[in-house]
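Q: Could you build the full structure based on these sequences and the hints that come with them?
For reference, the chains in residue letters:
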Amino acid sequence: MTTTNSPSTRNPAEDSAERIQQRQTLTPAVDVFENAEELLILADFPAVKQEGVDIRFEKNTLNLRGTAQTVHPRTGAEVTFDWVRSFAIPGGVNAEKITAELKHGVLRVTLPKHDSVRPRQITVRAG
Amino acid sequence: MWTRYSDVDGALAWMDEVRRRMDRVFEGMDGDGQEPQEWPRITLRDVGNAFIVRAMVPGLSEKDVKVMLNQDVLTLSGERKAEVPPGYSVHRHERASQRFSRSFALPAKVDPEAVTATVINGVLDVTLQKARESQPRQINVRAAEA
Numbered sequence: 001m002t003t004t005n006s007p008s009t010r011n012p013a014e015d016s017a018e019r020i021q022q023r024q025t026l027t028p029a030v031d032v033f034e035n036a037e038e039l040l041i042l043a044d045f046p047a048v049k050q051e052g053v054d055i056r057f058e059k060n061t062l063n064l065r066g067t068a069q070t071v072h073p074r075t076g077a078e079v080t081f082d083w084v085r086s087f088a089i090p091g092g093v094n095a096e097k098i099t100a101e102l103k104h105g106v107l108r109v110t111l112p113k114h115d116s117v118r119p120r121q122i123t124v125r126a127g
Numbered sequence: 001m002w003t004r005y006s007d008v009d010g011a012l013a014w015m016d017e018v019r020r021r022m023d024r025v026f027e028g029m030d031g032d033g034q035e036p037q038e039w040p041r042i043t044l045r046d047v048g049n050a051f052i053v054r055a056m057v058p059g060l061s062e063k064d065v066k067v068m069l070n071q072d073v074l075t076l077s078g079e080r081k082a083e084v085p086p087g088y089s090v091h092r093h094e095r096a097s098q099r100f101s102r103s104f105a106l107p108a109k110v111d112p113e114a115v116t117a118t119v120i121n122g123v124l125d126v127t128l129q130k131a132r133e134s135q136p137r138q139i140n141v142r143a144a145e146a
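Line order of the protein sequences matches chains L and F.
Residues in the first sequence are numbered consecutively from 1, following the numbering used here.
Residues in the second sequence are numbered consecutively from 1, following the numbering used here.
In case anyone wonders, no lab produced these hints; they're calculated from the structure.
Worth double-checking, as some hints may not be accurate.
[Unchecked claim] Which chain F residues stay away from chain L? Per the calculated CB distances, all over 12 Å, these:
| id | residue |
| --- | --- |
| 1 | D46 |
| 2 | H91 |
| 3 | A105 |
[To be verified] Just some of the chain F residues that point at chain L, by a computed CB distance under 10 Å:
| id | residue |
| --- | --- |
| 4 | L44 |
| 5 | P58 |
| 6 | G59 |
| 7 | L69 |
| 8 | Y88 |
| 9 | S89 |
| 10 | R132 |
Note that the structure is predicted; figures quoted are calculated from it, not measured.
Ideal Cβ positions, reconstructed from N, Cα and C, are used throughout, including at glycine.
A: And the structure:
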């Protein structure tokens, strides 16, 4: 949206107008680790309560969303924002067994691999 | 009691600085998160009878954070360890280990006995009650006798 008014002549009332766009989204810092059994994703989700976490896995995409509230330091108004991050997950993950845990503002998502893609130790028997 | 003008100036300068920092914090909320940011994000609020300092400290609990008040200087410090769990290979490692120490000069006297700090869901809140002489007071305006 553009306006022909210069900032100095702008009506101050405009500053209190409602925003049409959706609430702010932030990108959390993440760690992605892997071992033979699982993928492990850690995401910084400060200010998110357990009920504010929304995790979806569809079409091999993992969507992480954490809705949080804080207070705008200047206006004192309650501000709602989302931590949002998505990952394309390689095949071989057992979607049924994905688990997540939120602790001290860090989300921990564990994506176990299917048994078929796990490395197996084959015991060599003596002949 | 009248406040000296130098105090008022100092407080205004501090408020300006706070405002600049807050603006930066909230600009940061618009960003894509790729630019390096101060860690932790800290905001300061004056709620009349108290100051509230809020820091986003994901991964930290009460025992990982130290809050110190020395006269009117508040210092927050702590350390977050974000190490790779043993036996895992690393695809991304953005959650760096952090050691921080940040100090703020408070613009008004606070009651050192009435400072509380909590860490909930990775958010540190320090509430500092202002000293009695710094509390805002309402002055009744009496109508002059005719």
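Q: Now look at each hint and say whether the structure bears it out.
A: Each hint, compared with the structure:
The beta carbon of D46/F is not kept farther than 12 Å from every beta carbon of chain L, the shortest such distance being approximately 9 Å. A beta-carbon of chain L is positioned within 12 Å of the beta-carbon of H91/F; the least distance is around 4 Å. At the 12 Å boundary, the C-beta of A105/F stays outside the reach of chain L, the nearest C-beta of that chain being 17 Å off. A cut of 10 Å between beta carbons decides the hint on L44/F: the least distance to chain L is about 6 Å, and the hint holds.
Below 10 Å, beta-carbon pairs count as interface contacts, and P58/F has one with chain L at about 4 Å; its hint therefore holds. With its C-beta approaching chain L no nearer than about 5 Å, G59/F sits inside the 10 Å limit, and its interface hint holds. Here the hint on L69/F is broken, as its CB sits about 20 Å from the closest CB of chain L, past 10 Å. Interface hint status for Y88/F: upheld, as the beta-carbon distance to the closest one in chain L is roughly 4 Å, under 10 Å.
A distance limit of 10 Å between C-beta atoms decides the matter here; for S89/F the minimum to chain L is near 5 Å, and the interface restraint holds. Residue-level restraint check for R132/F is violated (minimum Cβ-Cβ distance to chain L is 23 Å; threshold 10 Å).
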